[in-house]
Amino acid sequence: MGDFVIGKMMRPVYIAGDNIITSLGFTTSEVIQRLESGIPGFQRCDDRLLTPTPLPLSLIKTDILNAKFRDILVMHHPEMREEQFTRLERMFIVSIHDALTEIAPEIYGSNSLLIISSTKGNIDLLEEGKKNFTDPGRIYLWKMADVIGSFFGFVNRPLVISNACISGVLALSTAARMIEAGRYDHVVVAGGDILSEFVISGFLSFQALSPDPCKPFDIARNGLSLGEGCGTVLLSSEFKKSTSITVSGSSVTNDANHISGPSRTGEELAMAIGKALKEAGMNPDEVSYVSAHGTATLYNDEMESKALEIAGLQNTPVNSFKGYWGHTLGAAGVIESIATLRSMVNNYLFRSAGFNEPGLPVLLNVIRENVQIPVQNCLKIASGFGGCNAAIVFRKM
Amino acid sequence: MNEILFITQWNIIRKDTGVRNEKVEFNNEIYVNFAAFIKALYKKEAISYPKFYKMDNLSKLGFLSAEMLLKDTAFLDRYKKEEIGVVIMNSSSSLDTDRTYNETIKDKSNYFPSPSVFVYTLPNILIGEICIRHKIKGENAFLVSALFDPGKVIESVKLILDKDHAQACLCGWVEVLGENFESVLFLVEKEKTLKENNLADDSPFTIESLTQFYQHKY
Numbered sequence: 351m352g353d354f355v356i357g358k359m360m361r362p363v364y365i366a367g368d369n370i371i372t373s374l375g376f377t378t379s380e381v382i383q384r385l386e387s388g389i390p391g392f393q394r395c396d397d398r399l400l401t402p403t404p405l406p407l408s409l410i411k412t413d414i415l416n417a418k419f420r421d422i423l424v425m426h427h428p429e430m431r432e433e434q435f436t437r438l439e440r441m442f443i444v445s446i447h448d449a450l451t452e453i454a455p456e457i458y459g460s461n462s463l464l465i466i467s468s469t470k471g472n473i474d475l476l477e478e479g480k481k482n483f484t485d486p487g488r489i490y491l492w493k494m495a496d497v498i499g500s501f502f503g504f505v506n507r508p509l510v511i512s513n514a515c516i517s518g519v520l521a522l523s524t525a526a527r528m529i530e531a532g533r534y535d536h537v538v539v540a541g542g543d544i545l546s547e548f549v550i551s552g553f554l555s556f557q558a559l560s561p562d563p564c565k566p567f568d569i570a571r572n573g574l575s576l577g578e579g580c581g582t583v584l585l586s587s588e589f590k591k592s593t594s595i596t597v598s599g600s601s602v603t604n605d606a607n608h609i610s611g612p613s614r615t616g617e618e619l620a621m622a623i624g625k626a627l628k629e630a631g632m633n634p635d636e637v638s639y640v641s642a643h644g645t646a647t648l649y650n651d652e653m654e655s656k657a658l659e660i661a662g663l664q665n666t667p668v669n670s671f672k673g674y675w676g677h678t679l680g681a682a683g684v685i686e687s688i689a690t691l692r693s694m695v696n697n698y699l700f701r702s703a704g705f706n707e708p709g710l711p712v713l714l715n716v717i718r719e720n721v722q723i724p725v726q727n728c729l730k731i732a733s734g735f736g737g738c739n740a741a742i743v744f745r746k747m
Numbered sequence: 338m339n340e341i342l343f344i345t346q347w348n349i350i351r352k353d354t355g356v357r358n359e360k361v362e363f364n365n366e367i368y369v370n371f372a373a374f375i376k377a378l379y380k381k382e383a384i385s386y387p388k389f390y391k392m393d394n395l396s397k398l399g400f401l402s403a404e405m406l407l408k409d410t411a412f413l414d415r416y417k418k419e420e421i422g423v424v425i426m427n428s429s430s431s432l433d434t435d436r437t438y439n440e441t442i443k444d445k446s447n448y449f450p451s452p453s454v455f456v457y458t459l460p461n462i463l464i465g466e467i468c469i470r471h472k473i474k475g476e477n478a479f480l481v482s483a484l485f486d487p488g489k490v491i492e493s494v495k496l497i498l499d500k501d502h503a504q505a506c507l508c509g510w511v512e513v514l515g516e517n518f519e520s521v522l523f524l525v526e527k528e529k530t531l532k533e534n535n536l537a538d539d540s541p542f543t544i545e546s547l548t549q550f551y552q553h554k555y
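Chains as they are written, first to last, in this note's numbering: chain G, 351 to 747; chain Z, 338 to 555.
Keep in mind that the hints were calculated from the coordinates and are not lab data.
Among the clues, some could well be false.
[Stated by the list, open to error] Which residues of chain G face chain Z? A few of them, derived with a C-beta cut under 7 Å, are:
#, residue
1, ASN513
2, SER551
3, ASN604
4, ILE609
Note that the coordinates shown come from a computational prediction; the quantities given were computed from them, not determined experimentally.
Glycine included, C-beta positions come from ideal geometry on N, C-alpha and C.
Please build the complete structure, drawing on both the sequences and the hints.
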């Protein structure tokens, strides 16, 4: 073992279908159009059921979500009632349904797997007002995943990954490795989290939330903004209906430093980036663009800038999508990867919303204006509580 | 691909028993509650680690289980810190602490959300605690499954080890919900370490071995 280029020896992993749901829209195209127009999806929210103090939040529009869900329910499971599904389950079902609409039925068979990425799942079921929900057991992530899997008729029981803010990137990495190893031919990765008083009060207690929409990488950044999101990616060993984009490397590391603060040096994220690039057989100068985690907390953005410098990516164009739709937790790695894939397909990079003036220990090449430019290979990174870091490399064939 | 992997150490911690490599480490005839149980276990391990007292119950159990597993082995010396992966699975994620945290925000007249509780409302914090303690910097994955699923744990570990994303792995099942808990951990390596663990042989890392260890009545 050792130095051989694994990406060339194993079978390639193609990206074959996707969906993003955020405050910006309910399909990838809708969301990308809104990104192009440059208008973020935050709204000042003073709903006391969600937040004790008014905050900018990026919320998915409930009426549209429910209307879309009802249509799918009538079409596929007329015997079931809308009330039997939680808000997050509706998001997952609408997202997966949209991503797989054009895909052949074999996607649900024995050579396929559904991976669910979520940090808190149906955590709102702990709320007093939701005590009467049909099935309190759905507080368990695996039970929620089972409901989603059987809704679509997946033969294999879904795999659930819950690894803080790297859940989405870790799920994509796991999926890609499974296909490469020949374990499955198709893996559907769906990531999602709702906003609830539980999560918002927790981040408030950490004093981690910005009073204004977050400003990743900016000198005036003052904490993160939270958002709801759900996204689905179909990874496949078949090129038939796929894009020409492959997953060509990935790596996960741990800081072994602190459970709620990032590494001071960025060394461990840099290590993940280095390993992922090595697996992809790629040099740092072959990376066209970095889709960063960019939460807009003081320490995360600092750490990321140091890591990118160590990894030799200091001058590579970089942005954070969180200035548009906030930190969407278990969805973040999935939906930010999809936006990255669209950048690759369209050769178009998005301005890093909220960024005006550099304010990091390392001067990064943060994208200031939307730009049409050849985009060949991309890196997506994420870091999270528990000291975890993840990196994944996408290559355009 | 498909190298044979070996279980070089394993242990089980349950209310009534602690087992390491088939040897019963303790039998607990009187169980009072988790707090008393875990305190006794901490004392038994004879370590001094003040951060232990700040951990939630899931982290406490997994942390001590990893202590027991790594004790008297050269596992951590055999590998670079970034060559060791940690894969943990459970059923209720962090629900035990989610409930505790929820109590602090339920009543608006008695509202006291605390960051030191909230941080433990993510199950992978347990992995973080183990990594901090032993300076492990390799691959991480926290999986959630209805029951201990040896097949899924093995699949996840093999994805990491077969392609050299790591050379060895600490993996298994750590579940805590109220007074119900159970921990089953394994060290998985590419080479046997017979001398180290005084076993007749190191079992292959297979569904059969994991199931046999897990289901055996000690």
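Going through the hints against the structure:
no.	hint	in the structure
1	ASN513	holds (5 Å)
2	SER551	holds (5 Å)
3	ASN604	holds (4 Å)
4	ILE609	holds (5 Å)
Hint compliance for this structure: every hint is met.
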